[in-house]
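J.: Residues per chain are reported as follows:
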Amino acid sequence: MRARWVGVGALGAALAGCGGERAATGPVTTGAGVRLVATVGVPANYGQHDQFFRAGLAFLCSWNTGLQVYDVGDGRAGGSPQNPKLVSRIVTAGGQVHNAWWYWAPDGQKRYVFVGQEGPGVIGSSSSGDIHVVDVADLTAPVEVASYHLAGAGAHYFWVDEPHQILYAAYYNGGVVALDVSGTLSGDLSGREIARVQPGGAGNTYVWGVIPFNGSLYVSDMLSGFWQLALAGDTLRVLGGGNNVPERYGSGLAIANGFAYSGTWGSRAGVLGNAVKIWQLGPSGAPVLHDSVVTPGFTTVSDVKVSDDGRMLMFSAEFGPAAGLYFYSLVGDPGHPAFIAHYPVTANSENGVHTAEFAEIGGRRYVFAAEDPPIPGMMILDVTSIRP
Amino acid sequence: MTPGPPDVLCGRVRRGHVVVVVVAALALPPAPLAAQAMFGAQITPVLTRADPVPGGSSLTELRFTAPFLMGTADFLGGRLRLHATLDGEGWTMPGGQLATGGFGEGWEDRRHPHTWAHELLVTAIDLTPVPGGVHWSLTAGKGFAPYGTDDPMSRPALGYPVNHHWSQILERAVAILGLRYGPVTLEGAIFNGDEPERWDQWPNWRRFADSWSLRALIQPSAAVELQASYAQVRSPDNRPGAGPGHDKVSVSARMEHALGSGRIYGLAEWAYNSEANGFFKYYSGLAEAQWSRAAHRAYVRFERTDRPEEERVFGNPFRWNLPHLENSTIGMTRWSIATAGYGRGLTPAHLPVHMEVIAEVEYARVTSLTGLFDPTSFYGRSDLWMASAALRIAAGEPMHRMGRYGVAADGGHVMMMPSPERE
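Residue numbers (our numbering), protein chains in the order written: chain B, 852 to 1239; chain S, 19 to 441.
To be clear, the hints were calculated from the coordinates, so they are not data collected in a lab.
One or more hints might be untrue.
[Said to hold, decoys possible] Computed from the model, here is a short list of chain B residues facing chain S with C-beta under 7 Å:
#1 Y954
#2 D958
#3 E969
#4 G975
#5 A1120
#6 Q1131
#7 G1133
#8 S1135
#9 G1136
#10 P1225
[To be verified] Which chain S residues stay away from chain B? Per the calculated CB distances, all over 12 Å, these:
#11 I61
#12 D92
#13 F93
#14 L145
#15 V148
#16 P149
#17 W230
#18 L343
#19 L387
#20 T388
#21 L390
#22 F396
Computed from a predicted structure; not experimentally measured.
Note that the Cβ used here is the ideal one computed from N, Cα and C, for glycine as well.
Put together the whole structure using the sequences plus the hints.
T.: Below, the structure written as structure tokens:
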């Protein structure tokens, strides 16, 4: 562990394991090189929760306003990052549209968007909400055609292993679910379930997100830490990790360059979720804590993303005077990210940003970010000039 | 008899939506225009020590609570009543009042300051007589929906119970129809579901009538009142309307009568609050009693109430984030609280004011029912104490049973608030 300038001061604290939390203080760099180019207002119903970007289209997950498809560079509606154009909107059953994934099948079909519904829940104990399948064969007229329901649990973030046509879903207290999404999807998808597991066991599982990588499935669990799983036939097996973030609750994750980056959430016995954990994925893929970046002034790291080129790390921060977006360089030493910039978002009662997504459009790098209520919307930021 | 013109008493226009409440005085018998008006004022400085508060330390605070200006004016021989209660807590205690276990409107372990226009209503009672002994009333304005028990402000204890937001529906734009026949009173109301987020906020007028409630009152004897209520409240915790609805049930029995040279009062209530179609279920049971004689009164209250736990605001463990981002909580806790207090009237003979010194102590135990929230970690321990000393100063119109309007307030349902000043 070494002390470094990280843009905003960091807390120092020892951690169990091989990694540690950086003890560092330094100058505050706010928003330098980050330019807001557009904002898509979303009704406060609750507002904007997440966004999925692919090929010039942005899929806005706007809670009870539904799934909104915007042209931000695709060209079909004349949209651009500076002037997004609404293509269509659908409110899936029950609303509460939380996240989405536009699925490109190996056969070239781009017919389905998977939509996560986040219903009511008691964090750490119970949850609700289904996965809805929307047919976007005609992007101007999306239609819900199928859904998956898991009794006693609710969907959170998911990731589609497109070459293998498997959707891996975080299901909070339900653990992790693997679904076969090959072929035509319709009606009840419960028969498509391949496997399911609660990595921390009953009472110690509340899975936030999953990402398949190099044959493993990495899982960030709010209660039981960071896990390595693998799908073997019809079984999800635990390979490594787990119970390795005892001082904080886990949140979102990203993977690149042989490292995984996981966020933390809320307050656990008074310790705030203001850390990004950096995991080295060893030869077996097992996660080993390598470093942590702790930033004072907010409560939650709600989303973590790495740019497609693997050179830039971004996380969104909520609830506090230092809420907003943080950018780090992964060039040179991805195990010890170097601070680039902080873009504060505090006009919304210091609620900050809930989620964020990188997008490469026309040779420039943008960030699509969900600004929290009470002034919800999707911000589009040009971060090209701070690209490492 | 010559029908009079319609009397438009309250109107509101906003973005093309029109909410007009009309009290039609179509067949008014001759009566004096204004018959009676009463005014009152009250304030209660309270010194409170809570041990522990969120974070594990103790805290002592002085707050000037319930600074009221009250006024009631009767017209048309009492058939038309204007009533206002203006509350200055937004100025005197903008940071709320220590209230172990209390919650609501974005506050936890503190009671929120009430909105400045606490009650602002007009009531028509029996404007046109109905045969068969049926009395009716129509009330409109800002105030309480007919649901549950009396507001804690008009009950014996100084501190609020945890179940305030389970057992009352307050600070709404409301229209209430009341019917009374003999010992039975029925009330039905429509109102806006949203709770205020700040003391200076008006109801969201665009949401008027998205929620409703029904209440039945039965008075089998002069001393006893039985109550049952049901309400459907849309998205109270999210002002724009995105939050889950609440289904609420309340039943209670209340008694008050003379006992020797003194008076006794008792209330037992049970309340149930179901949110998001039953995903969240909160229960509350409460019993309280008071004995009063001359200038003395002593009271006790026992309560067991479930409450939601929310992620607290950065740097302020007494507040949670508003508006919500989604429909999750971080847990549910159960509060078991015993409260005891004593009041001594000190009304000076030469002053037109009533005064009372009050001492109160409260012991609470909190347990986690579900979720991440760990009360022992949050408070440092699971048993909590609170002690208060107060001086209540009042003049003019006495405190009424808040939330009772029209036929629910008249015709035998008004029972004097327990207070030694009234002996």
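J.: Compare the structure with each hint and give your call.
T.: Here is what the structure says about each hint:
1. Y954: Violated, because the Cβ-Cβ distance from Y954 of chain B to chain S comes to roughly 24 Å (cut-off 7 Å).
2. D958: violated, 36 Å
3. E969: holds, 6 Å
4. G975: Interface hint status for G975 of chain B: holds (4 Å vs cutoff 7 Å).
5. A1120: holds, 5 Å
6. Q1131: violated, 29 Å
7. G1133: violated, 31 Å
8. S1135: This hint is violated: S1135 of chain B lies away from chain S, its Cβ roughly 32 Å from the closest one there, beyond 7 Å.
9. G1136: This interface hint is violated because 29 Å lies over the 7 Å limit.
10. P1225: Cβ of P1225 of chain B sits 6 Å from chain S, so the hint holds.
11. I61: Non-interface label on I61 of chain S holds, nearest chain B Cβ at 31 Å vs cutoff 12 Å.
12. D92: holds, 42 Å
13. F93: Fine: 41 Å to the nearest Cβ keeps F93 of chain S off the interface.
14. L145: holds, 41 Å
15. V148: Holds: least Cβ distance 43 Å, greater than 12 Å.
16. P149: holds, 49 Å
17. W230: holds, 22 Å
18. L343: Violated, since 6 Å does not exceed 12 Å.
19. L387: Given a closest Cβ separation of 9 Å, the condition is violated.
20. T388: Non-interface label fails for T388 of chain S: nearest chain B Cβ at 4 Å, not farther than 12 Å.
21. L390: For L390 of chain S, whose nearest Cβ neighbour in chain B is about 4 Å away, the distance does not exceed 12 Å, so it is violated.
22. F396: Nearest chain B Cβ is 8 Å from F396 of chain S, so the label is violated.
Consistency with the previously given hints fails for numbers 1, 2, 6, 7, 8, 9, 18, 19, 20, 21 and 22, ordered from lowest to highest.
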